[in-house]
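Student: If you want the building blocks of each chain, they are given just below.
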Amino acid sequence: MTPATIEDVEQRLRERKYIGDRALATSIFLALKLEKPLFIEGEAGVGKTEAAKVMADVLGARLIRLQCYEGIDLAHAVYEWNYPRQLLHIRLLDAGDDRRVAEREIYSPEFLLRRPLLDAIDNDDLTPPVLLIDEIDRSDEEFEAFLLELLSDFQVSIPEIGTIKAKRAPFVVITSNRTREVHDALKRRCLYHWIDYPDLEKEVEIVRARAPEAAGELAREVAALVQGLRGMDLYKVPGVSETLDWARSLAALGATRIDPTLVNATIGAALKYQEDLERVREQVPALVEKARGA
Amino acid sequence: MPEEAPDLLPRLGAFARLLHDAGMEAGPRRLTDATRALACVDLKRQADFRNSLRTVFVSRKDELPVFEAAFDIFWAPPDPRASAGVMPGRSRSLPMSPERAKAWSAALRLNTSQMNREQDPSTVPASSSGYSAEELLRHKDFDQMTWQETEQVRKLLEQAPWRVAERKTRRLRPAHAGRIDLRRSARHAIRSSGELIQLFHRRPRVRRRPLVLICDVSGSMERYSRLLMIFAHAIARREDLEAFVFSTRLTRITRLLRYRDLDRSLDSVSKGVHDFSGGTRIGDALSDFNRHWARRVLGHGAVVIIVSDGWDRGDPARLTAELIHLRRSSHRLIWLNPLLGSEGYQPLTRGMAAALPHCDDFLAAHNLKALDDLGRLLAGLNRRSRFR
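Chains as they are written, first to last, in this note's numbering: chain R, 1 to 294; chain E, 1001 to 1388.
No lab work stands behind these hints: they were computed from the structure. By construction, the Cβ of each residue, glycine as well, lies at the ideal position given by its N, Cα and C atoms. Nothing false has been slipped in among the hints.
Chain E is faced by these chain R residues, among others (derived, beta-carbon under 7 Å):
hint : residue
1    : T26
2    : S27
3    : K33
4    : E70
5    : Y83
6    : L87
7    : I90
8    : R180
9    : W194
Label-pair distances were calculated between CB atoms; the ranges are:
hint : chain 1 : residue 1 : chain 2 : residue 2 : range
10   : E       : D1042     : R       : D153      : 31 to 39 Å
11   : R       : R104      : E       : R1203     : 30 to 38 Å
12   : E       : G1380     : R       : T127      : 53 to 61 Å
13   : E       : V1206     : R       : R281      : 41 to 49 Å
14   : R       : K290      : E       : G1380     : 46 to 54 Å
15   : E       : D1062     : R       : R279      : 26 to 34 Å
16   : R       : R62       : E       : R1036     : 23 to 31 Å
17   : E       : R1017     : R       : R281      : 50 to 58 Å
Let's have the full structure, built from the sequences with the hints guiding it.
Tutor: And the structure:
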């Protein structure tokens, strides 16, 4: 089911209501062809994680997601032994049993807790899974160094069992919000794609596709409003996911067009800092005016 | 735009060299990837060709404009409109040393201005807060400091005994006390047929807090700025330091401080910063920092040090707002004021009066003794008492 051309990728993304540009389609296509991990960066809420999810769907593959956080280690990312079970098992043995046999028993796959990375490598899927390593910038350097090793040969060694090598390497997507710069060595193994905020036309298209409840002119007006906010001097500029939240909120209130009252009531969907809210409040009528004309 | 494949490989190699000279990573591995990538796409579609090379060669956001400029310069077809004085897509320029630029221009038959760093419009933003008329784009020479002075100050700073305070990380390491390490304990217990004879422990690893230094290098700070750069360089040698300077606008100098050699670092800073000794707009500089850098450099419980005399030509309300925000996103906000050391000084300048209530600590920075005080404060940071 691997896409044969860039157009093919584009079309399949579109069918699944992911509106990306041709550059993203090209990066995905090449990552599949070259069998390299795809490193996606962009501001929060531009659809990085979503891209990986849609890819899994496009390929008809399983999505395995590893959410990174500070201090994530092998026990959380790769595997851990099920110690309570092992202890119980060994206590249930008869005194006469050979201890070495017992040890071999309790270090068998049955006692292994498989975490996302092991799952992705040791797979029997017909289509190799999509491994999403989400928000890698939240993990620390030690984990990055480990990933570097994993991504170069797609194998994991478990001392008690041996080395497990991927029969078919998973398609790896790594995302980062760029809260810190990820090490070059890791990026060097990947193809890179920067997702920017969409322009007005594309954002309207995204709202229409993903928040169809925003009827009529609402989609265009909300998108235009967010585009207006992005031009302002804010601490946290709203992303596409905020646009969608906002459109859905307004639709839930039964709105078909925007007006200053509705916008003021729902602006919390787009702006998450008190300072930003204050700054925007007084300009809401002007922003609405402009968005309605767009 | 390549029409025939046979001719493409050497051209691609030359393009990789161009990217390399413009400061991007373009080694053999990348080149191989690029070749493989181009084999998969329709070369007649310029957009796909460009997208493919971009996804292979670029690996961070700042490299995007460099790539686009290099691509335009290298692959753009001769445009018929060029004769009319318009060169679409060829207006951007590449950051490159003058000799390299000259060599490339000759090789590609361009005129030099396109590749000259000084003409890069991105390094001289037109909108420097509407203040650009007064912004003094002067290059300061660091040569004036005597060699002995520099050496003395640096030695003293490097030998200073203090270290930045530590914070607990989320990563655990083996220890004699602390939380129980079930993994090790269980593994050990298996040897004794499942009896937990010995318990093992682990506790969080500690790391030093990152430091962020934001230095005022405007006209009124001129007497101190050289020394502050030496200070920054000395800390950068041993701590995790992000450094910025500002007068009318903010410039990140972290990478410029990396040279081991002080003079080389100072030289690169004076070349890289264009508004040494201009006017001051602290509020604008901090606003820029809050919006573009805070999320990237203030993780992991960072300590922020602002060095300024508080002579501000901007709006005090803005300064206050930005300081409140900055203080909330950092572990500790320290303001160093060189004037605080002078006799009878009162923080009465508008900027200083606005800033004072919002800083955790307010310290002098006019001599080495003052910097020692700072060092002691940094070493004992976990005690949350204010120092002013």
